[in-house]
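Q: Sequence:
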Amino acid sequence: MSDTPQRLTFPVLLGSVRRDRQGIRAARLVVRALEAHGHEAVLVDPLELALPLLDRMYKEYKPGEAPPKLEALAALYRRADGFVIVSGEYNHSIPPALSNLLDHFLEEYFWRPSAIVCYSAGAYGGVRAAVQLRAMLAEIGMSSIPSLMPIPKIASTLDEQGMPSADWVSRSLERFLAELFWYARALKQARAEGPMPY
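Once you know that position 9 of the sequence shown is 9 in UniProt numbering, the rest is easy, because the numbers rise by one and skip nothing.
Hints are computed from structural coordinates only; laboratory data are not their basis. Check before you lean on any hint, since a few could be wrong.
Pair ranges (Cβ atoms, derived) [stated by the list, open to error]:
| id | residue 1 | residue 2 | range |
| --- | --- | --- | --- |
| 1 | K69 | R18 | 15 to 23 angstroms |
| 2 | S99 | A121 | 19 to 27 angstroms |
| 3 | P197 | Q161 | 41 to 49 angstroms |
| 4 | I140 | G194 | 17 to 25 angstroms |
| 5 | A186 | A121 | 32 to 40 angstroms |
Since we're looking at a predicted model, the values are computed, not measured. Every residue gets a Cβ at the ideal spot worked out from N, C-alpha and C, and that includes glycine.
Full structure from sequences and hints, please.
A: This is the structure:
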């Protein structure tokens, strides 16, 4: 089904590089749901990117001298209408791989909404990490929408392909994405009207 004639682009940033990571299940769920609404969803996987620990941000390279991986991400982020962040909870905080992935860019995020999908092995669905992530996302210019999409007990809630085992997942995800689409369209229009006055 098509949600709207206006096709939007959403990078889906996955936050884990662990060998037995469960977050890939949530990322696949989100990518499939975005595409079902007729939007472009691009999985950004730090395990595949293998970015080094932050030394230089993308903007600190001279034009044409950034590593190809960063150049490709910058091009994707510039055409993005919003971001979906998929984060586990490590020690009540966000995964280090996610922080490293986010820290490589700044201006490319500006005036685009983000939406947090959080998960955990236990009953709380990673919400404690999401609280900290909200502050970080606002600071780098892509404030998160009010709703969260927490996924508790992820190993039994989603299978390896991200297919849910409970009806509540699809219902909650639809409401969550509807909110993201509203913010993405509103900010897309605002960006088209010109930069924010300072």
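Q: A separate judgement is required for each hint: does it hold in the structure or not?
A: Hint-by-hint comparison with the structure:
1. K69 / R18: 15 to 23 angstroms: holds (20 angstroms)
2. S99 / A121: 19 to 27 angstroms: holds (20 angstroms)
3. P197 / Q161: 41 to 49 angstroms: For Q161 against P197, whose Cβ atoms are near 46 angstroms apart, the range 41 to 49 angstroms holds.
4. I140 / G194: 17 to 25 angstroms: holds (22 angstroms)
5. A186 / A121: 32 to 40 angstroms: This hint holds: roughly 36 angstroms between Cβ atoms.
Hint compliance for this structure: no hint is broken.
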